[in-house]
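Novice: Residue numbers (our numbering), protein chains in the order written: chain E, 1 to 301; chain U, 1001 to 1176.
Treat the hints loosely; a few may be bogus.
Stretch-level coverage of chain U by chain E, calculated; a stretch enters the list once three of its residues show a Cβ under 8 Å from a Cβ in chain E [as the list claims (entries may be wrong)]: (1) 1062-1068; (2) 1118-1131; (3) 1160-1166.
Source of the hints: derived by calculation from the structure; they are not laboratory data. Ideal Cβ placement from N, Cα and C applies to all residues, glycine included.
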Amino acid sequence: MKDERKIKENKETRRSFLKKTALATTFATMSACGSDTSWDEFFQKYFRTLSREEKNQIIKRLENKYSEKYGKKFSVSAKGPIDNTLFGYALDVSRCIGCRKCVYACVNENNQSRDPQIHWIRVLEMEKEKGIDFAHSNDQYNPELVPEEGHFYLPVACQQCDNPPCVKVCPVKATWKEKDGITVVDYNWCIGCRFCMAACPYGARHFNWGEPDIPEEKVNPKTHYYGNRPRNKGVVEKCTFCIQRVREGLYPSCVEICPVGARKFGNLLDPDSEIRYILKHKRVMILKEELNTQPKFYYFY
Amino acid sequence: MKKYSVKKHLLPLFVLFAFIFSGISYGDSLKKKGSNEISVPPPPFSEDIFPCTECHAEHDPNPERRVLEEMHDDIILKHDEKNRWCLDCHDLNNRDKLHLASGKLIDFKESYKLCGQCHGPKLREWKNGVHGKRTGRWNGAKKYLLCAHCHNPHSPEFKKMKPDPPPEDPMTGRKK
Chain E
1 MKDERKIKEN
11 KETRRSFLKK
21 TALATTFATM
31 SACGSDTSWD
41 EFFQKYFRTL
51 SREEKNQIIK
61 RLENKYSEKY
71 GKKFSVSAKG
81 PIDNTLFGYA
91 LDVSRCIGCR
101 KCVYACVNEN
111 NQSRDPQIHW
121 IRVLEMEKEK
131 GIDFAHSNDQ
141 YNPELVPEEG
151 HFYLPVACQQ
161 CDNPPCVKVC
171 PVKATWKEKD
181 GITVVDYNWC
191 IGCRFCMAAC
201 PYGARHFNWG
211 EPDIPEEKVN
221 PKTHYYGNRP
231 RNKGVVEKCT
241 FCIQRVREGL
251 YPSCVEICPV
261 GARKFGNLLD
271 PDSEIRYILK
281 HKRVMILKEE
291 LNTQPKFYYF
301 Y
Chain U
1001 MKKYSVKKHL
1011 LPLFVLFAFI
1021 FSGISYGDSL
1031 KKKGSNEISV
1041 PPPPFSEDIF
1051 PCTECHAEHD
1061 PNPERRVLEE
1071 MHDDIILKHD
1081 EKNRWCLDCH
1091 DLNNRDKLHL
1101 ASGKLIDFKE
1111 SYKLCGQCHG
1121 PKLREWKNGV
1131 HGKRTGRWNG
1141 AKKYLLCAHC
1151 HNPHSPEFKK
1161 MKPDPPPEDP
1171 MTGRKK
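Use the sequences and the hints to build the structure in full.
Specialist: As structure tokens, then:
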């Protein structure tokens, strides 16, 4: 017995061989992942469960990384929800003229990739005679002037469902609904399986098929961890109601840009808010109500 | 013990004050206290046109309805033009003011009151933040625009515009 043990101590065993191989493979994979994936990033833990200090470390690392990459001073916020706040959005369908100003204001604010192109907002042109009819809608319209006779426009982005199907299907819990009602994605935890994209009935989630490309002069350096910070290739992203703005009390970018004032935003828990006035006094609908997703994005007229 | 009871009395008072002050800062800062005016950016005058009295002081007021030829001929009225003309909104005797149907003079920056005489429901919705554009803070100070910032009062229909480019085809990366 004693001799056998001695042999094990001295000789390379099957177990230690496997250990070393596994370690070597990990290194090989990491180096293959690209030079901008650091050790800390690769082994980053689940952000939600981290202490404030650990979060701050991660944020510092990201700020440095982005600042270096884009040659601008970046800020990455991890500001939590404001108490007694549940965000809701309303859009006046009768007023939208389909100018797509919101689409590009969103791209500029939220650092979507320009090439390959990602748009969080898609404006659907519909025929008045058919009503809301996704099968016959068109997002490629490009006439000289809008609005076109006999048509109306339905901008669609994330509906911030109260019962979000995308969250249920995520196998790694990289996406969830925050207390203020915003469904967010942790881009460092997303494995890019795209189950959430299949689950979303609104086509609101978008995948970074390529390395995102944002021109240095156009990048917005004021970011939020769950929002508009630059993403990597291979992760899913979506509208967050401009989490970096609304948690500071500002309106989302699309509200600020809309030239016809069709976009309304506010706190559903505040009975004096515009959004509550709209829900009380206007004709309001939600998209694909039958799916029980319970959107907090309302269309009214 | 005594000290404690004093504090106990003060606490509700303190809470009350805190409540009042937070209400002031949080509440709609648009409505000025004690007036029914709403703060808005300056009216969108054409360049060098205001004050109107700068030119009009030299002219005798002519109340007769007519087609303007010498001045303001660039204004095309498409706003119930069959029934209305300049002096239904602009005041004959005080050119720097508008007047309501009652004859009451109002400032250009209160022109929404004039518009609201016919467009009552729209005015109500504008005041409640449903009609028209609001920017600023969802939980604090907001900026309104006057009706005239988006609707030219002389031809108020919202002008058509060129749409920004459509999205690329996600499969090919090219436009369809």
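Novice: Compare the structure with each hint and give your call.
Specialist: Hint by hint, here is what the structure shows:
1. 1062-1068: Since three or more residues must qualify, the claim that chain E covers the segment 1062-1068 of chain U is violated, with 0 doing so at under 8 Å.
2. 1118-1131: holds (count 4)
3. 1160-1166: holds (count 7)
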